[in-house]
Amino acid sequence: AGSLAVTGVAYDYARGVVAAGQSLGNVRVGATAAVTVTNAVVSAAAFQDALAVGATGGNAKLAFVAPADIAAGASGDVGVTVLAAGSLADSLTLAFTSKALAGTGLSDLALAAKNVALTGAAYDYASPSYAATMDLGNIRKGGAVTRSVANAVLTSAAYQDNLLVTATTANQALTVGAPATAIAAGASGNLSFTGTAVGVLSANVALGLESVALAGTNLANKTLTAGAIAVSGTVYDVATATHDATFALGDLRKGATRGLAVTNTVLAGGSATYQDSLDVAGSTASTALATGSSINVLAGATGQFNVTTLVAGALSANVTFTRTSNANGLAGLANSSLGTSAATVTGAVYDLANPSYAATQALGNLRVGVT
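In this note's numbering, the protein residues as written are 1269 to 1639.
What the hints contain is simulated information worked out from the structure, not anything from laboratory work.
None of these values were measured; they are calculated from a predicted model.
There may be inaccurate statements among the hints.
[What the hints assert, rightly or not] Cβ pair distances, simulated, as ranges:
#1 G1454 with A1313: 49 to 57 angstroms
#2 G1607 with T1464: 37 to 45 angstroms
#3 D1376 with V1333: 45 to 53 angstroms
#4 A1331 with G1410: 30 to 38 angstroms
#5 A1529 with S1605: 35 to 43 angstroms
#6 G1607 with V1579: 41 to 49 angstroms
#7 V1333 with T1443: 52 to 60 angstroms
#8 A1336 with S1424: 34 to 42 angstroms
#9 V1579 with Q1440: 52 to 60 angstroms
Cβ coordinates follow ideal geometry from the N, Cα and C atoms, glycine included.
Construct the complete structure from the given sequences, taking the supplied hints into account.
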């Protein structure tokens, strides 16, 4: 009998092992993750092919990078990068190839592919949108005007943070306010501006901007780059009417006309240049007095509202002034009613003497010296 010596080495194919599903969780755009693939040892790691992995998916919001060949008993990671906000649901297809070890002379073999069900959601940070310069135009002192600030949608409003805004300024002539609550993606809120001093306004407003993660996502808020707005405009006061409560006209003739002084007083800290003129109309129920035409009084000036006496005798009449702040057609400003005020007009009105005599008188026949 004879014997035959048989020599050689037997090698196992690679064996790819991966979880059937993986949650990427709630993440930010740009986040990365890994799907771990293991080349599980079948018999002996030294006698098992390496595992080559190819990775493809169907969700354009995800990008995949395959690992280097994985030795038996080792693991490698398929890199996952989030490209855009939205649902990250995908079926990741892993193409497996058993790679023969160098020097063995064996051929590679394509193995059955495996699929990994990916879940998760990606969220954009808030995206502030506002004008860097805001001309408020002509505004009233103490009157708030608003301008919008928006949370512009980057990809999908449902997958974007809210925007929280704060506003401050060092300019004492301006008070600023911000939306009280965070602004949802695709929505806008109002910044408010209130002029506190009359004159030309030029102010810098600083915006604090925070991206506020949606409830339930467990994502962290983020402080965004601060914003700045250059605010301009011109602030105007309304007119202010002042006059005496009583006008004593003294003794005067029936039919005489006198002026009742009404002043358009410049407000404290104000300027006549930046204050409305004052329209004054008057009326009276007295039959002893007639009121004249309405007058217009510039800021800082005094006008005379005329009244005319109609009846002789003691004069005591009430005059009602109707006051209007006149913006004089300035764009953005409207005339405004200042209501009414009352004054009492007193005096004594006299008629001229009224001679009465016969135009013709017959003396008859008289002696010289007879009176």
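Comparing the hints with the structure gives:
no. : hint                                 : verdict
1   : G1454 with A1313: 49 to 57 angstroms : 55 angstroms, holds
2   : G1607 with T1464: 37 to 45 angstroms : 24 angstroms, violated
3   : D1376 with V1333: 45 to 53 angstroms : 21 angstroms, violated
4   : A1331 with G1410: 30 to 38 angstroms : 56 angstroms, violated
5   : A1529 with S1605: 35 to 43 angstroms : 22 angstroms, violated
6   : G1607 with V1579: 41 to 49 angstroms : 30 angstroms, violated
7   : V1333 with T1443: 52 to 60 angstroms : 54 angstroms, holds
8   : A1336 with S1424: 34 to 42 angstroms : 35 angstroms, holds
9   : V1579 with Q1440: 52 to 60 angstroms : 56 angstroms, holds
Violated hints, in rising order: 2, 3, 4, 5 and 6; the structure is consistent with all others.
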